[in-house]
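J.: Using the sequences provided together with the hints, build the complete structure.
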Amino acid sequence: MGTLRLFPEQASTFAPEVDHLLYFLLVVAVFFTLLIFGAIFYFAVRYRRRSEQELPHVAHGGMALEILWTVIPFGLTMVMFTWGAAIFFRQSRPPDDALNIDVVGKQWMWKLQHMEGQREINELHIPLGRPIKLTMTSEDVIHSFFIPAFRTKQDVVPGRYSTTWFQPTKAGRYHLFCAEYCGTRHSGMIGWIYVMEPRDYEDWLAGGTATGTLAENGQKLFQSLACNNCHKDDNSGRGPTLVGLFGKNVQLAGGGTVKADENYIRESILQPSAKIVAGYSADMPTFQGLVTEEQVLQLVEYVKSLAPKSPAPTATMESAPGAAPRNR
Amino acid sequence: MITQAVQEREHYLNASYGMKSWLLTKDHKRIGLLYLATVTLFFFLGGAFATLIRIELLTPTGGLVSSETYNKLFTMHGVAMVFFFLIPSIPATLGNFFLPMMIGARDLAFPRINLLSWYLLVIGGLFSLFAMLAGGVDTGWTFYTPYSTTYSNTWVIATGLGIFIAGFSSILTGLNFVVTVHTMRAPGMTWFRMPLFVWANYATALIQILGTPVLAVTIVLLFCERVFHIGIFDPTLGGDPVLFQHLFWFYSHPAVYIMVLPAMGVISELISTFSRKPVFGYGFVAASSMAIAVLGFLVWGHHLFVSTQSVYAGLVFSFLSYFVAIPSAIKVFNWTATLYKGSISYATPMLYAFGFIGLFTIGGLTGLFVACLGIDVHVTDTYFVIAHFHYIMVGGTIMAYLGGLHYWWPKMTGRMYPEGWAKLSALVIFLGFNLTFFPQFILGYLGMPRRYHVYPEEFQVLHVLSTAGASVLAVGYVIPMMYFVWSLRWGKMAAANPWGASGLEWHTPSPPPSHNFEETPVVTQGAYDYRGVIGEVIEVG
Amino acid sequence: MASPAHAESLALREQFDTAAQQKDASTLGMWIFLITEIMFFGGMFLAYTVYRGTFPLVFAVASSSLNVYIGAANTVVLLCSSFTMVLAVRAAQLGQQRAIIFFLILTLLLGGVFLGVKAYEWNEKFEEHHIPGATFHLEGVAPDQQGHAQLFFSLYFAMTGLHALHMVIGVGILTVLILQTRKGRFTADYMTPVDVAGLYWHFVDIIWIFLFPLLYLIDRHLK
Numbered sequence: 000m001g002t003l004r005l006f007p008e009q010a011s012t013f014a015p016e017v018d019h020l021l022y023f024l025l026v027v028a029v030f031f032t033l034l035i036f037g038a039i040f041y042f043a044v045r046y047r048r049r050s051e052q053e054l055p056h057v058a059h060g061g062m063a064l065e066i067l068w069t070v071i072p073f074g075l076t077m078v079m080f081t082w083g084a085a086i087f088f089r090q091s092r093p094p095d096d097a098l099n100i101d102v103v104g105k106q107w108m109w110k111l112q113h114m115e116g117q118r119e120i121n122e123l124h125i126p127l128g129r130p131i132k133l134t135m136t137s138e139d140v141i142h143s144f145f146i147p148a149f150r151t152k153q154d155v156v157p158g159r160y161s162t163t164w165f166q167p168t169k170a171g172r173y174h175l176f177c178a179e180y181c182g183t184r185h186s187g188m189i190g191w192i193y194v195m196e197p198r199d200y201e202d203w204l205a206g207g208t209a210t211g212t213l214a215e216n217g218q219k220l221f222q223s224l225a226c227n228n229c230h231k232d233d234n235s236g237r238g239p240t241l242v243g244l245f246g247k248n249v250q251l252a253g254g255g256t257v258k259a260d261e262n263y264i265r266e267s268i269l270q271p272s273a274k275i276v277a278g279y280s281a282d283m284p285t286f287q288g289l290v291t292e293e294q295v296l297q298l299v300e301y302v303k304s305l306a307p308k309s310p311a312p313t314a315t316m317e318s319a320p321g322a323a324p325r326n327r
Numbered sequence: 000m001i002t003q004a005v006q007e008r009e010h011y012l013n014a015s016y017g018m019k020s021w022l023l024t025k026d027h028k029r030i031g032l033l034y035l036a037t038v039t040l041f042f043f044l045g046g047a048f049a050t051l052i053r054i055e056l057l058t059p060t061g062g063l064v065s066s067e068t069y070n071k072l073f074t075m076h077g078v079a080m081v082f083f084f085l086i087p088s089i090p091a092t093l094g095n096f097f098l099p100m101m102i103g104a105r106d107l108a109f110p111r112i113n114l115l116s117w118y119l120l121v122i123g124g125l126f127s128l129f130a131m132l133a134g135g136v137d138t139g140w141t142f143y144t145p146y147s148t149t150y151s152n153t154w155v156i157a158t159g160l161g162i163f164i165a166g167f168s169s170i171l172t173g174l175n176f177v178v179t180v181h182t183m184r185a186p187g188m189t190w191f192r193m194p195l196f197v198w199a200n201y202a203t204a205l206i207q208i209l210g211t212p213v214l215a216v217t218i219v220l221l222f223c224e225r226v227f228h229i230g231i232f233d234p235t236l237g238g239d240p241v242l243f244q245h246l247f248w249f250y251s252h253p254a255v256y257i258m259v260l261p262a263m264g265v266i267s268e269l270i271s272t273f274s275r276k277p278v279f280g281y282g283f284v285a286a287s288s289m290a291i292a293v294l295g296f297l298v299w300g301h302h303l304f305v306s307t308q309s310v311y312a313g314l315v316f317s318f319l320s321y322f323v324a325i326p327s328a329i330k331v332f333n334w335t336a337t338l339y340k341g342s343i344s345y346a347t348p349m350l351y352a353f354g355f356i357g358l359f360t361i362g363g364l365t366g367l368f369v370a371c372l373g374i375d376v377h378v379t380d381t382y383f384v385i386a387h388f389h390y391i392m393v394g395g396t397i398m399a400y401l402g403g404l405h406y407w408w409p410k411m412t413g414r415m416y417p418e419g420w421a422k423l424s425a426l427v428i429f430l431g432f433n434l435t436f437f438p439q440f441i442l443g444y445l446g447m448p449r450r451y452h453v454y455p456e457e458f459q460v461l462h463v464l465s466t467a468g469a470s471v472l473a474v475g476y477v478i479p480m481m482y483f484v485w486s487l488r489w490g491k492m493a494a495a496n497p498w499g500a501s502g503l504e505w506h507t508p509s510p511p512p513s514h515n516f517e518e519t520p521v522v523t524q525g526a527y528d529y530r531g532v533i534g535e536v537i538e539v540g
Numbered sequence: 000m001a002s003p004a005h006a007e008s009l010a011l012r013e014q015f016d017t018a019a020q021q022k023d024a025s026t027l028g029m030w031i032f033l034i035t036e037i038m039f040f041g042g043m044f045l046a047y048t049v050y051r052g053t054f055p056l057v058f059a060v061a062s063s064s065l066n067v068y069i070g071a072a073n074t075v076v077l078l079c080s081s082f083t084m085v086l087a088v089r090a091a092q093l094g095q096q097r098a099i100i101f102f103l104i105l106t107l108l109l110g111g112v113f114l115g116v117k118a119y120e121w122n123e124k125f126e127e128h129h130i131p132g133a134t135f136h137l138e139g140v141a142p143d144q145q146g147h148a149q150l151f152f153s154l155y156f157a158m159t160g161l162h163a164l165h166m167v168i169g170v171g172i173l174t175v176l177i178l179q180t181r182k183g184r185f186t187a188d189y190m191t192p193v194d195v196a197g198l199y200w201h202f203v204d205i206i207w208i209f210l211f212p213l214l215y216l217i218d219r220h221l222k
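Residue numbers (numbering that gives the first Met the number 0), protein chains in the order written: chain A, 0 to 327; chain B, 0 to 540; chain C, 0 to 222.
Wrong hints could be hidden among the right ones.
Unchecked claim - A few chain B residues that don't get close to chain C, going by computed Cβ distances all over 12 Å:
{"hint": "1", "residue": "E9"}
{"hint": "2", "residue": "L214"}
{"hint": "3", "residue": "V471"}
{"hint": "4", "residue": "G534"}
Stated by the list, open to error - Here are a few chain A residues that sit away from chain B, every Cβ distance over 10 Å (derived from the structure):
{"hint": "5", "residue": "E115"}
{"hint": "6", "residue": "D154"}
{"hint": "7", "residue": "K169"}
{"hint": "8", "residue": "E179"}
{"hint": "9", "residue": "I189"}
{"hint": "10", "residue": "L204"}
{"hint": "11", "residue": "F221"}
{"hint": "12", "residue": "R237"}
Stated by the list, open to error - No farther apart than 20 Å at their CA atoms in a straight line, the calculated lysine to aspartate or glutamate pairs in the EDC-like style are these:
{"hint": "13", "chain 1": "A", "residue 1": "K169", "chain 2": "A", "residue 2": "D18"}
{"hint": "14", "chain 1": "B", "residue 1": "K491", "chain 2": "B", "residue 2": "E517"}
{"hint": "15", "chain 1": "C", "residue 1": "K22", "chain 2": "C", "residue 2": "E138"}
{"hint": "16", "chain 1": "A", "residue 1": "K274", "chain 2": "C", "residue 2": "E138"}
{"hint": "17", "chain 1": "A", "residue 1": "K105", "chain 2": "B", "residue 2": "E67"}
{"hint": "18", "chain 1": "A", "residue 1": "K169", "chain 2": "A", "residue 2": "E201"}
{"hint": "19", "chain 1": "B", "residue 1": "K340", "chain 2": "A", "residue 2": "E65"}
{"hint": "20", "chain 1": "C", "residue 1": "K22", "chain 2": "C", "residue 2": "D188"}
{"hint": "21", "chain 1": "B", "residue 1": "K340", "chain 2": "A", "residue 2": "E196"}
{"hint": "22", "chain 1": "A", "residue 1": "K274", "chain 2": "C", "residue 2": "D143"}
{"hint": "23", "chain 1": "A", "residue 1": "K105", "chain 2": "A", "residue 2": "E119"}
{"hint": "24", "chain 1": "A", "residue 1": "K132", "chain 2": "A", "residue 2": "D232"}
{"hint": "25", "chain 1": "B", "residue 1": "K25", "chain 2": "C", "residue 2": "E13"}
{"hint": "26", "chain 1": "A", "residue 1": "K110", "chain 2": "A", "residue 2": "E122"}
{"hint": "27", "chain 1": "A", "residue 1": "K110", "chain 2": "A", "residue 2": "D95"}
No lab work stands behind these hints, which were simulated from the structure alone. Yeah, the Cβ is synthetic: ideal placement off N, Cα and C, and Gly gets one too.
T.: Here is the structure:
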């Protein structure tokens with residue numbers, strides 16, 4: 000039957016944070032459960048009916064009591080809210096120096112791409128002690144990328160990118176589950192996360208048969224799909240240059256601006272007429288059906304590589320305790 | 000099914016005989032019984048699906064059914080239980096029967112609409128039943144897109160049509176209850192003299208009226224997408240799959256309060272009668288029902304914390320979700336305080352009330368866990384959530400429903416159920432329930448996802464415990480089914496007020512006459528006044 | 000002609016104690032029903048608003064393909080029908096049988112005109128290939144945005160279709176009322192069904208008052 004485990008492993012920086020919050024809630028829950036169970040049991044025995052003719056004296060409501068048992072629970076719940084919100088907020092802000100991995104979910108498998116070009120199916124090898132950010136999308140229905148040992152979960156939605164991040168703290172092998180029902184083999188859409196010592200990870204990266212980094216593959220696609228005919232580096236083409244585009248705010252025709260993030264680049268490839276850059280017209284054809292989601296991710300990585308390097312803000316460095324020294 | 004009346008007194012059961020007199024009845028009491036039969040059928044249907052699920056989960060690699068079938072089983076279990084059992088159960092059976100009597104009315108405001116409501120539930124049920132028999136539906140009861148609109152090859156539309164039609168049943172019942180409470184209270188029955196069961200059903204009716212139409216239009220949009228591919232939820236056509244989740248949960252979150260508020264109303268009645276005291280903090284309990292109804296509409300986004308909903312929306316919804324927890328806590332404290340210095344009877348309905356308070360407390364407290372953003376990221380879509388909502392729906396609502404059935408059985412049928420067997424069943428249910436669902440909290444935190452047909456070996460022990468509990472629970476549900484039927488023929492004859500309860504429904508014979516009261520009562524005192532109910536008294540406390 | 004008291008007791012259902020109670024219940028019942036209808040239409044309005052916010056340019060182009068003048072004319076027709084409905088209710092309050100029938104028939108005819116114009120508009124959409132489906136095409140919109148344009152029209156047909164369905168039901172209700180009036184069912188003391196039917200009719204009118212600007216008038220300047 001397998002060994003009986005009652006509590007999951009802690010393998011990321013989030014895990015002990017979430018577990019501490021859990022302990023607090025458990026204490027509160029157990030306290031109130033015992034209180035209510037105990038009171039009911041005690042009253043039921045102490046005041047049991049001894050004669051059918053009994054008529055209890057009627058106490059008239061206690062305003063003080065009502066206020067007490069409204070305010071105290073409210074106070075406790077506000078602590079729960081604030082504490083949980085703080086963790087959630089941090090979970091939504093990957094550090095700038097996070098190692099990026101692209102994930103494409105489809106019925107019923109996970110396809111993962113490392114920046115260096117390594118591809119994996121249903122498995123993810125990652126180094127210990129570094130923040131890892133996943134950029135994810137689905138090819139078909141909604142899935143969800145769930146790693147119980149890291150206490151992270153994020154839905155993977157078709158038509159957009161979603162992100163999650165974590166920093167592993169313990170080498171080992173951890174379950175990966177799809178956590179949003181997605182059809183027949185939903186419970187088969189599982190895999191393993193392998194957290195390795197940094198040196199072992201480097202060896203693993205070097206040992207595989209990678210066919211170029213994601214950005215390099217993206218560049219090849221950029222040329223083979225003739226993107227470079229219109230998007231020239233010197234901005235002399237029919238389309239705007241993409242150098243330095245990623246992360247900038249873009250002026251749109253008809254007013255308004257948009258931040259050039261991964262979702263914007265993806266939309267620009269698949270539905271170019273949705274947002275037109277100011278000063279240009281809706282000439283770009285759509286590539287929907289001509290590129291897979293994985294290829295779009297490669298193109299996104301290529302466009303990102305055209306951006307001048309942004310300085311890493313010091314604030315986020317402090318949020319990763321015990322991080323391995325960056326050696327890239 | 001026809002109760003043999005010992006006396007030749009006319010009452011609602013013997014006033015007329017024959018199929019037509021039941022199928023064309025306008026009597027809210029008969030309609031309540033029609034509903035009772037219907038929801039009981041769906042309960043056992045949903046229970047059959049649950050049994051198969053739990054048997055399949057005994058082993059990590061399944062083997063009893065295929066994955067396709069398993070996915071249909073949990074979908075149809077959810078559809079049957081939510082839409083055709085839990086939502087109608089207490090309001091349409093006990094509410095229909097007793098709400099008019101409790102306020103001193105002869106019937107609901109619109110008896111023919113009441114009958115129409117029942118037919119709509121039956122017709123809707125038939126559509127969904129057809130879908131289940133013709134091959135089933137495998138989208139989950141939540142029908143998330145684009146799986147349900149573009150990928151599933153099962154009977155989505157037939158099932159959805161059944162739910163759509165049943166939704167109108169719910170809306171019309173709600174409409175009927177609200178109008179009845181506003182316009183048909185007997186002279187002297189002011190709002191604050193009404194029993195808390197009426198307040199609870201009134202608050203529930205408001206939710207039914209405001210929420211269910213949104214589900215209806217969501218289903219319409221789902222149909223249009225599935226049939227015409229209009230691109231509202233399909234991202235390949237520019238649609239937004241997460242919009243479906245917002246529309247769906249805008250109804251389905253308030254729906255859970257439709258399922259639990261009437262149960263809380265029953266508990267107020269039981270706690271009061273079997274402590275022989277008014278409910279402590281009557282005004283607060285009544286106000287809590289209304290607060291839950293209002294706040295319940297503001298929290299739907301807590302089902303979307305990891306859906307790619309914005310972080311800020313998540314913060315707002317988590318914050319508000321804690322607000323909605325407070326009125327429920329207030330009720331639990333007030334019920335417990337009612338017991339203090341009361342005269343506590345251990346009759347079966349009271350045992351169910353105790354069970355409810357205990358299990359609802361646990362379920363409600365675990366709600367605080369899932370409302371917590373940091374924790375929900377880990378436990379959403381796992382067995383933790385399944386355990387949470389089953390503690391409330393089964394440990395809460397179904398316990399209250401059974402408690403109410405036992406409490407009002409003598410009034411509805413003129414017969415007593417066998418007390419010994421009833422107490423035993425209550426205990427079996429309580430134990431079986433906890434054994435079934437407590438291990439699921441642990442499973443969930445360990446990371447066992449929901450809707451999984453096969454699972455890693457290390458989760459097996461907990462699944463085996465859960466299935467063992469489910470078999471005990473099943474026995475606990477079957478026994479009352481049997482003795483209730485038995486009692487119709489051989490149960491002891493019941494007096495007008497076997498429990499010494501207050502409330503206008505106990506001032507008429509058991510079973511009541513067709514028009515409830517010989518003459519319209521004039522109310523001069525508040526609810527839960529036990530003076531004068533039990534003859535000579537001994538003052539205590 | 001039945002006396003007021005007699006008419007009252009003829010119409011009083013047994014669950015009610017007084018005619019006043021019955022009238023209160025019927026009126027409240029209709030108001031609540033209308034609130035459920037608001038929630039029902041509201042879901043579609045929400046979906047429309049969300050997508051209009053996401054694809055403003057495409058929706059503006061699509062909206063401009065609707066004939067504003069016809070839409071405006073239809074709006075006037077419906078407003079007039081609400082007016083004639085009010086006159087019918089007034090006539091009922093005064094016990095004027097022939098006036099009731101006259102105004103109900105006028106209302107019904109105006110409703111019919113609205114539906115007829117709607118059918119013409121839909122036919123026009125069919126001819127222009129604006130019906131969502133395989134043959135859909137909207138000029139002035141890029142190929143990769145056709146899906147979004149189709150979405151506008153899907154919501155257009157869903158919302159106006161649902162509205163038209165409610166109008167048809169309203170026409171049915173009016174027909175029944177006319178027949179009942181001819182049988183002398185209503186008096187100055189008992190005209191509740193006319194009253195609540197009036198509420199329903201006004202509601203269907205109000206839904207159109209919201210639909211017209213949302214569908215026909217948005218951002219015409221943006222095109």
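J.: Does each hint fit the structure? Answer for all of them.
T.: Hints, verified against the model:
For B/E9, the shortest C-beta to C-beta distance to chain C comes to about 16 Å, beyond the 12 Å cut-off, and the non-interface label holds. For B/L214, the requirement that its beta carbon stay farther than 12 Å from each beta carbon of chain C is not met, with the minimum near 9 Å. No Cβ of chain C approaches the Cβ of B/V471 within 12 Å, the least distance being about 42 Å, so the stated non-interface status holds. The claim that B/G534 lies off the interface holds: its Cβ sits roughly 32 Å from the closest Cβ of chain C, which is beyond the 12 Å cut-off.
At roughly 27 Å, the least C-beta separation between A/E115 and chain B is larger than 10 Å, which holds for a residue marked as non-interface. Under the 10 Å C-beta cut-off, the non-interface status given to A/D154 relative to chain B is violated; the minimum distance is some 5 Å. Every CB of chain B is more than 10 Å from the CB of A/K169 (nearest about 15 Å), matching its label as outside the interface. Consistency note on A/E179: stated as away from chain B, yet its beta-carbon is not over 10 Å from all of that chain's, at 6 Å minimum.
The Cβ of A/I189 sits about 8 Å from the closest Cβ of chain B, inside the 10 Å cut-off, so the non-interface label is violated. Separation of A/L204 from chain B is adequate, the least Cβ-Cβ distance of about 28 Å exceeding the 10 Å criterion. Taking the minimum C-beta to C-beta distance to chain B, about 23 Å, the non-interface status of A/F221 holds against the 10 Å cut. No Cβ of chain B comes within 10 Å of the Cβ of A/R237; the nearest lies about 25 Å off, and the non-interface call holds.
The straight-line distance between the Cα atoms of A/K169 and A/D18 is roughly 16 Å, inside the 20 Å bound, and the hint therefore holds. With a C-alpha separation of about 25 Å, the suggested pair B/K491 and B/E517 falls outside the 20 Å cut-off, and the hint is violated. Our distance criterion of 20 Å between C-alpha atoms is broken by C/K22 and C/E138, whose separation comes to about 54 Å. For the proposed pair A/K274 and C/E138, the alpha carbon gap of about 18 Å is at most 20 Å, so the pair holds.
A threshold of 20 Å between alpha carbons decides the hint, and for A/K105 with B/E67 the separation of about 18 Å falls inside it, so the pair holds. Note on A/K169 and A/E201: the hinted pairing holds, with a Cα-Cα distance of about 17 Å set against a maximum of 20 Å. Restraint check for B/K340 and A/E65: the C-alpha separation of about 18 Å stays at or below 20 Å, so the hint holds. For the proposed pair C/K22 and C/D188, the alpha carbon gap of about 10 Å is at most 20 Å, so the pair holds.
About 65 Å separates the Cα atoms of B/K340 and A/E196, which puts this hinted pair outside 20 Å; it is violated. A distance of roughly 12 Å separates the Cα atoms of A/K274 and C/D143; the hinted pair therefore holds under the 20 Å criterion. As the CA atoms of A/K105 and A/E119 are separated by approximately 14 Å, the hinted pair is consistent with the 20 Å bound. Straight-line distance between C-alpha atoms of A/K132 and A/D232 comes to about 29 Å, which puts the hinted pair past the 20 Å bound.
For a cut-off of 20 Å, the pair hint linking B/K25 to C/E13 stands: about 11 Å separates their Cα positions. With a C-alpha separation of about 8 Å, the suggested pairing of A/K110 with A/E122 holds against the 20 Å cut-off. Distance check on the hinted pair: A/K110 and A/D95 sit about 24 Å apart at the alpha-carbon level, beyond 20 Å; violated.
Comparing the model with each earlier hint shows violations of hints 2, 6, 8, 9, 14, 15, 21, 24 and 27; every other hint is respected.
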